[in-house]
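Trainee: Residue-level listing of the chains:
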Amino acid sequence: MISDLFSATVIIGIVSSGIRLATPYLFASIGEMFGQRSGVLNLGVEGQMLLGAFVAFYVTLNTQNLWLGVLAAMGVGALMGLAMAFVTVNLHATQGISGIGFYLFGMGMSNLLFQKLVGTVEGVKGFQRIAVPLLSKIPVLGEIFFNQNALVYLAFLLVPVAWFVLNKTTLGLKIRAVGENPEAADSLGVSVAGIRYLTVTMGGVFSGIAGASLSIALLNVFQQNMTAGQGFIAVALVYFGSWKPFGILGGALLFSLVNALQLWIQVLGIPIPAELAVMMPYILTILVLTLSVSKSRGPSALTKVFEREG
Amino acid sequence: MPPKQATAELRLKDRAGSIFDQLMPIFATLAALLVGAIFLILLDANPITAYGALVQGAFGSFNAFAETLVKAIPLLLVGLGTCIAYRGSVTNIGGEGQMIIGAILSTWFGLTFTELPGWLAIIIAMLLGILGGMIWGGIPGILKAYFNVNEILSTVMMNAVAVQIMNYLMRGPMIDPIQKEASSQIPQTARLIEAYRLPRLSPTRLHLGLVIAVLLAVAVYFLLWRTTLGYRIRAVGQNQPASNYGGIDVKKHIVVALLLSGAFAGLAGMMQVYGVNYRMITDGSATGFTGNAGFNGIVAALFGQLHPLITIPASVLFGGLLVGANAMQRVVQVPSALITALNGLVVVFVVSSEFFRRRSQKRRLSQNGTEQHKPEDADLQQEAGGA
Amino acid sequence: MKKVFALVSVLLVMAMFLGACGKTPATEPPAASSDPLRIAVVSPSSVNDLAFTQSISDALKVLKAEMGDGLEYAFSENMFVVDDAAAAIRDYANKGYDIVIAHGSQYGSSLQEIAPDFPETVFAWGTTVDTFGMANVHAYEAASDQGGYVNGVMAGMLTQTKIIGVVGPIETGDAKLYVDGFVAGAKSVDPTIDVRVTYIGSFSDVALAAEAATTHIAAGADILTGSAQMVVGAIGKAEESGLYWFGTQADQNSFAPKTVVASQVYHWENILREIISLRAAGTLGGHTFTASLQNGGQVITFNPEVTISDEIKTKVEETIAGINDGSIVIPKP
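Chains as they are written, first to last, in the numbering used here: chain A, 1 to 310; chain B, 1 to 387; chain C, 1 to 333.
Bear in mind the hints are in silico, worked out from the structure with no lab data behind them.
Certain hints may be false.
[Unchecked claim] FRET-style restraints, in silico, Cβ to Cβ:
# : chain 1 : residue 1 : chain 2 : residue 2 : range
1 : A       : K116      : B       : A8        : 49 to 59 Å
2 : B       : D14       : C       : E120      : 30 to 40 Å
3 : C       : E317      : B       : K180      : 52 to 62 Å
4 : B       : K180      : C       : G133      : 19 to 29 Å
[Claimed, not checked] A few chain A residues that face chain C, going by a derived Cβ cut-off under 10 Å, partial list only:
#  : residue
5  : G13
6  : G18
7  : T120
8  : S191
9  : A228
10 : Q230
11 : N259
12 : W264
13 : L268
14 : P271
15 : P273
16 : M279
A quick note: this is a predicted structure, and the numbers were derived from the prediction, not measured.
The beta carbon of each residue, even a glycine, is placed where N, CA and C say it ideally should be.
Chain A with its partners taken away, still in its complex shape:
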């Protein structure tokens, strides 16, 4: 029975599921990474995702315009990000906890708006699969990698773009400086507040897109609490990835692939209790991180309040 796992269908199935499952994590986690790199921890990602998911769904439902839906999700995410930035930068709120507040608010608002504006659960026509010309014809790999929907492609493209911005641009340098040593950055003329506002708002934008990827791309429906904790996993993955975009990619893929694997294990009838299968991605993520040697200490100023002298 376990040998069934090694067939081509299964492996293709696992990888393709893994790629889809990883998409929301990639958006949300990379957004969170920028925020954390500049020193801000945002635990409210889940709330931003839910609100983004609803707004994208609602706008698409009423306008049939998918990209408008994505834009709306980005807008709502930005708003929540701005609020978080204000609370963090200007009011020096304890970051871990303010995030929880935003999570509860986002969850409550998305559910409330859904109940009042939509009412019944219904589907929406979301992003369809786009086969990349030529590449999608490659046997096996083509089907897995090059026959997904637009937001999936965007999520994966985000990784090298984020890497580039973080490591090869002045902006990235400023972000990292603010996260490592805000006092020094400040003395060099970098606006710590400005950078943090930027990164945290961007984080909100990406969380919004992550939510949209669920409601109008991957699942084409909105249901209350549909993210079921993915926002928190996304934050956790930032640590797994050592605050590096490619590390996060690795983490998102690891988590999602193992999740896809456990589903196959159940489907193929391999006799493991369902709960044990469901646990696998979580346990493996901890294990892999524990055993991995190169772990970064993280931005030194993460969660620390910065106040300008004088």
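Please arrange chains B and C on chain A, whose structure you already have, making use of the hints.
Mentor: Below, chains B and C without anything else, positioned relative to chain A:
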């Protein structure tokens, strides 16, 4: 300041200002509720009726107040754990999972060994609850201290694992034998025998856990401010590298901080079983069992300015808010989602209000230089003096 | 500035207390028959979850449409924290509601404590059969395995790959009952049919339910079914692949018109009507109700947009008749 102003008057002003600052979380809550009123109006609910129902639901009768206290108990316990952990500069958002594991261990014991005298069983159950929470908190602690695995990652993952363990046990090995045969197959354990249940203040649901929790709050106060261990925990929290030079084992204290905060959460889980439901039930999620106490407890601690004794009234107030909000829902029939959103608003506002409180406190402290301060204000002094 | 703040806060608190004092607690027993019947419902998920809670919510809407002003009802949804639900049940009883429905099997323990305190109130607890022997507690459940069996028979007849996929939340309660019945039904058509069951460990993870469905489909399943609110993800995947779905708990036909063949829909209103009339006759509890195919408590609702062969329809009627007269016994796993 006019030199002619009497010192007594100054002191009075300072006192008033100080009380104002301490009450800041309450003002913040009121501000959040004010914003909530806008939503209520949009939902065709009368805010006065609604908030009246909230107050009445929380404090309006003996029974209501008892319910508030019942809600406050796990908040207080988790909050105490947070007071310790936070000062150890460790963020423990694994309270949900730790509550579950503590509950599982203590419930298993209570159902398996039924021949002991009640008081003994309860004590052992408490210890097991603490043990369960310590294990579930200790693992992230060790992973952080010795493997540099961030505790946010490990606790988030372990929360999920705890839920699955609970689901498996509740529907499998630990299921009530009656349920096993019934078609309903409710994933719950059998009930604890009468003797093992925490005594209640009839006819309310208020149980002995309150007394235990308050005693523990006092104990934590002593731990943090009157023992060497407590000093070290606080020192590590404030300045990790310096503590290292000072000969304090930073790693060990990170582990200890997570162990202790986990212990409290585990105890909170045991209380829910032995004091409230007398059995463990799952609905598949963590929140179904914990009621979000793992998170709300952290907020309560913040409400209480991370001071174990102030966390007591803070938990009662926050518990009242939660209980009252549900009562409000029943009266004005608004969607429960609004209550969740309101909960979030309160958290954000309270956390943000710290800024105003600290600023005003700093101003007062720097104006009135020499005054008798309690040791716990030392941290504030540092803040006021530094930046 | 501080003074203004403090003043506003004091005013706010005063307003709140004003509101609190203004309310008179309603503990008078129900009076003349011209007063509307008051029902309160406490349920663990959302009213529009397209599953468990929606079914009871729909039932009350049906009753409200029938009884008009003669019925007044209150609903507390998302009471998945047992404590909060207990407080809600007690509060509604305290407020003098005539019938309090505890629509969640996890509420049992709490109900056991609350019911004796309110001997005039009718309590209904679902889904279960235990009334605790109390005079004012009814119990109700759905024989979901019946509808599951019928769905399974249909699925067994429709499948061409002989592989069927099931997406479930957790292996307990109503979900388990339905799934067990479904498997038995499918196997009764053809014992070689492979019904694969996955429990994804959550009631709300729509994405995981969707991937579970995708996995089933990739593994060869051509018919899917499942239970609980997160299955909307799975239904969506079935729809994408042009496959069939069988629904349960609520009418899922409208969600994916070309995909859902039939749904086992709970009609709790029949049971509620009985409870109401029993109450009018003076009986406040002690009865156990089962929503079965026979008494109309569950109805296999076909999707008008999906055409199925007469052969299948006949078989369905035979199966339902068989279950009703006892000639078909649904085996337990």
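Trainee: Which hint numbers doesn't this structure obey?
Mentor: 2, 3, 8 and 14
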